[in-house]
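Enquirer: Chain by chain, the residues run as shown.
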Amino acid sequence: MSGPGIPWYLAVSAILFSTGVAGVLLRRSPLIVLLSLEIMLNSANLAFVGFSRLHGQMDGQIFALAVMAVAAAEVCVGLGLIVAMARRRLPLDVDVFSELKG
Amino acid sequence: MIFGAWLCLLAPAAGFLSILLAGTKLTRRQAGLLSTASVFVAFAGAVIAFVDMLGRDTADRSEVTTAWTWLEAGDFKVSLDLLVDPLSIVMMLVVSGIGGLIILYSNGYMKGNDEERRYFAYMAFFVFSMLLLVESANLLLLLVGWGLVGLASYLLIAFDHHRPAAVTAGKKAFLMNAIGDATMALGLFLAIAKTGSVDFGPVFQAASSGALSDTVVTLIALGLLGGALAKSAQIPLHTWLPDAMEGPTPVSALIHAATMVTAGVYLICRAHPIFEAAPTVQHLAALLGLATLLLAGVVALVQWDIKRVIAYSTMSQIGYMFVGAGIGAYGFAMFHLVTHAFFKGLLFLAAGLVIHRLSGEQDMREMGGLRRSMPLTHWTFLVGTLALVAIIPFAGFWSKDAIISSSLAQGGALGWVLYVGCLIGSLLTGLYSFRMYFYVFHGEPSAKVEAAAHGEEAHHGEGDLSMTVPVVVLAIGATFIGLLQIPGVWEPFQKFLEDVVPPLVSPSTGQEWLSSMISLAFATFGSYLAWKAFRAGRELVSAGAIRTLLEHKFWFDELYDAVFCRPAQMLAALLREQVEQPLVQGGLDEVADGTIEAASIAGRAESGLLRTYALAFAVAVSILALVFLVVR
Chain A
1 MSGPGIPWYL AVSAILFSTG VAGVLLRRSP LIVLLSLEIM LNSANLAFVG
51 FSRLHGQMDG QIFALAVMAV AAAEVCVGLG LIVAMARRRL PLDVDVFSEL
101 KG
Chain B
1001 MIFGAWLCLL APAAGFLSIL LAGTKLTRRQ AGLLSTASVF VAFAGAVIAF
1051 VDMLGRDTAD RSEVTTAWTW LEAGDFKVSL DLLVDPLSIV MMLVVSGIGG
1101 LIILYSNGYM KGNDEERRYF AYMAFFVFSM LLLVESANLL LLLVGWGLVG
1151 LASYLLIAFD HHRPAAVTAG KKAFLMNAIG DATMALGLFL AIAKTGSVDF
1201 GPVFQAASSG ALSDTVVTLI ALGLLGGALA KSAQIPLHTW LPDAMEGPTP
1251 VSALIHAATM VTAGVYLICR AHPIFEAAPT VQHLAALLGL ATLLLAGVVA
1301 LVQWDIKRVI AYSTMSQIGY MFVGAGIGAY GFAMFHLVTH AFFKGLLFLA
1351 AGLVIHRLSG EQDMREMGGL RRSMPLTHWT FLVGTLALVA IIPFAGFWSK
1401 DAIISSSLAQ GGALGWVLYV GCLIGSLLTG LYSFRMYFYV FHGEPSAKVE
1451 AAAHGEEAHH GEGDLSMTVP VVVLAIGATF IGLLQIPGVW EPFQKFLEDV
1501 VPPLVSPSTG QEWLSSMISL AFATFGSYLA WKAFRAGREL VSAGAIRTLL
1551 EHKFWFDELY DAVFCRPAQM LAALLREQVE QPLVQGGLDE VADGTIEAAS
1601 IAGRAESGLL RTYALAFAVA VSILALVFLV VR
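From first to last, the protein sequence lines stand for chains A and B. So for the first sequence, the working numbering puts the first residue at 1; every next one is plus one. So for the second sequence, the working numbering puts the first residue at 1001; every next one is plus one.
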C-alpha cells in the first residue's frame, strides 16, 4: 500500500468535519450553512473510504455512494428553499426565522 | 303446581320487559292493557297452582323447583329456587289478584297522564318483584325480591318527578328501606357463616334444632326483624309510609296498603323457626307492632289528607299483624293480611274515585256531602270502613278479632298488655275511620263538591268502567272474604296454613267469641263517638299540647332529622371545609400551577433560533461520544 497512512486521512476528515460544524454554527446565511453541511457529509465520506481501505472491504465505499445520493437530494431541497425565499424577497438570514420558539 | 308458579312469576316480567322494549311502538292504552293482562295471567297461574295444591295430601303440598344454580363454592350453593307451599300460594293469590284489579283501575285513573307507559311498566315490574319475594325458596333470592320491591316502590312514589315533594318522599322511602335491607343482609351473612346455606330448609332446621347458639339466632332474628320493620313501616322505621302517599293513588293502594308493606308479616311467618328460637325478638316484634298500631291510630285522628288517614290506618293494621305474628298466631296474621289487602285496597281505590272527581283534591275539609252525588263510591267506601273498623260480618271482624283473641289466649303480662292495647286500637280505628267517612260523605257539600257535581266530570258517572269494576269486586271481597274463618264453625284458612306455619297459640272458641264481642263493642263505641263529634262539629282531639303532639306525629321526623341528618350534614360540611377544599382541591391547584411554572421555564429553551438548536445538538453528540469513549 502506498501513500500516507490511515491516520492522515482521518485527521483530514476530522478537520473538515470541524470546519463544517463551525460553519453551521457561526454563519447566518442559509447558503453557507448548506455548504457547511455538505462539507460535514463529505468528511464522513472520507472517513468511510479510509476505513474501507484499512479493512480491505467494500462496504464503506458503498456507504459513501449512498451518502452522496442523500446529500444530492438534500441539496436539491435546500437550494429550492433558498431560491423560494429569495424570490419572495425574504431576508436570507437563519436567525430571522424563529417562529417555532416556545 | 310448578307450572303455575313459574307462569305466575314470569308473566308480569314478560309484561314489564315488553312495555320497556316496545317503547313508543305501543300506544299508552295498549301498554296499560298489556300490563293488566300480564298480571291477570299471573293470577291464572296462581289459581292453577292453588287448585293443583288442593288436590294433594297435606303432607305433599310443599314443593321446591330449581331453575339453575347461580353460584357454587364447595358445599355452599345458591340457586334460583322457587318454593310453592300454602303460605306462598296465599301471597301469590293476593299479590296477583289484588294487583290485577288495581292495575285495571289504573287504566282509568292514569288516563291522560303523559308517562302512562312508564307507569304500567313499573307496576308490572313491582308485581314481578313481589312474586319473586314470596316465591323464593332461599334467603338470598328473598333479599333480591326485597330489594326490587323497594326499588319499584321508590320509582312509583317518585313517579310524578316534576314535583319535589314526590321525589323527596321517594328518596325517604328508599333510604328507610335501605336500613332494613342492610340489617337483613347482615342477618343473612351470619346465617351463611354459621349454617353454610341460604336455603330455608337447612337454616330453619339449624335454628330449631338448637345447632346455633342463642346469640347467633337472636342476631339473625334481629336482622330479619329490621328488614320487616322497615318494609312494613313499623316503629322505629315507619316515617316513610305517610310521605309515600305522594305517589299516585293506585300505587298507594297496591304497594303501600295491599301487598308490599305486608311483606314484613310474611317474612316473620316464613322465618318462624328462627323467631321461635329467639322468643325475645319475636315478642319485641309484637310490642313494636302494638306501639305502631297505637301511635298510628292516634296520629290518624288529626290528619286532614284523606290518603294520609288511610296510610296511618295501614300502619295500624300492619301493627295488628305484627302482634299476631309476634305471639305466634301466624295463620291469623296471614288472614288479616289477606282481608286487609281487600278492604284497604278498596278504601284507597274508592278514595281515588273521590280524588279523581275533585280533580286531585285530597283535603277532607274540602269534601263533604259526597253521599248524594257519588252513591256507588259512598256505599263501597262504607263497606271498606266497616271492614276496617271490624264490624260483624265484614272481613276485618273475623281477622282482626282473631288476633285480639289470640293475645288473650297468650296470657301472661305480655298477653294482657297486647290485649288491652289491641282493644284501645279497636276504639281508635272506629274513631278515625268514621271521622274520615263522615267528613267525606256526610254534611254539607263544599263549594268544590258542588262544582264537581255539575262539572264536566259528572257526566262520566263516578269513573270509567275500568275504575268502578275493581272497586265493586273488592267491595264484594271485603264483605265476604272474612267468612273463610268463623271460629268454631269452619276454619279452612287456618287449616290450610297449619302444616306450614303451626300456630303457637290457639284461642278456644269461647275466648274468640267473647273477645270478639268486647272488641266489637269498643269499635262501635269509637264509631259512635266519631258520629257524635261530627254532629256537634267538634274535633276529636281539641286544640292544645296533645293536638300539637299528634299533628307533629310525635316529632319522629324532627327527631331523626336532629339525630341523624343534621350531624351527617355537619360532618359533610366540616369535611368539605377542612379536607376537601384545602387538601384535595388545594392540592390539585398546586399541581396545576407547578405544571404551568415548569412549562414556562422549559419554554425558554425553545428560542426558535436554528443555530442554537444545532449547537445543542453538536454539544450533546460530543458529550455522548466522549462518554462512549470513556465507558466503552
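Do not rely on the hints blindly, as some may be mistaken.
[Unchecked claim] Footprint (simulated), chain B over chain A, 3 or more residues, beta carbon under 8 Å:
#1 17 to 25
#2 35 to 48
[To be verified] Here are the computed distance ranges between Cβ atoms for each label pair:
#3 G1586(B) to A84(A): 34 to 44 Å
#4 L65(A) to L1588(B): 26 to 36 Å
#5 V1627(B) to L26(A): 17 to 27 Å
#6 S1607(B) to G56(A): 43 to 53 Å
#7 T1595(B) to V75(A): 15 to 25 Å
[Claimed, not checked] Anything over 10 Å on all C-beta distances counts as not near chain A; from chain B, calculated:
#8 T1027
#9 Q1030
#10 F1050
#11 I1179
#12 L1574
Since the hints were made in silico from the structure, they are not lab data. Glycine residues also receive a C-beta, built at the ideal position from the N, C-alpha and C atoms.
Enquirer: Would you mind marking each hint as holding or not holding in the structure?
Expert: Cross-check of the supplied hints:
1. 17 to 25: With 3 residues close enough to chain B, the hint holds.
2. 35 to 48: violated (count 0)
3. G1586(B) to A84(A): 34 to 44 Å: violated, 54 Å
4. L65(A) to L1588(B): 26 to 36 Å: violated, 59 Å
5. V1627(B) to L26(A): 17 to 27 Å: Distance hint for V1627(B), L26(A) holds at roughly 26 Å.
6. S1607(B) to G56(A): 43 to 53 Å: holds, 48 Å
7. T1595(B) to V75(A): 15 to 25 Å: Distance hint for T1595(B), V75(A) is violated at roughly 43 Å.
8. T1027: Non-interface label stands for T1027(B): nearest chain A Cβ at 65 Å, farther than 10 Å.
9. Q1030: The assertion about Q1030(B) holds, with a minimum of 66 Å to chain A.
10. F1050: With a cut-off of 10 Å, F1050(B) remains clear of chain A, as the shortest Cβ separation is near 83 Å.
11. I1179: holds, 59 Å
12. L1574: holds, 45 Å
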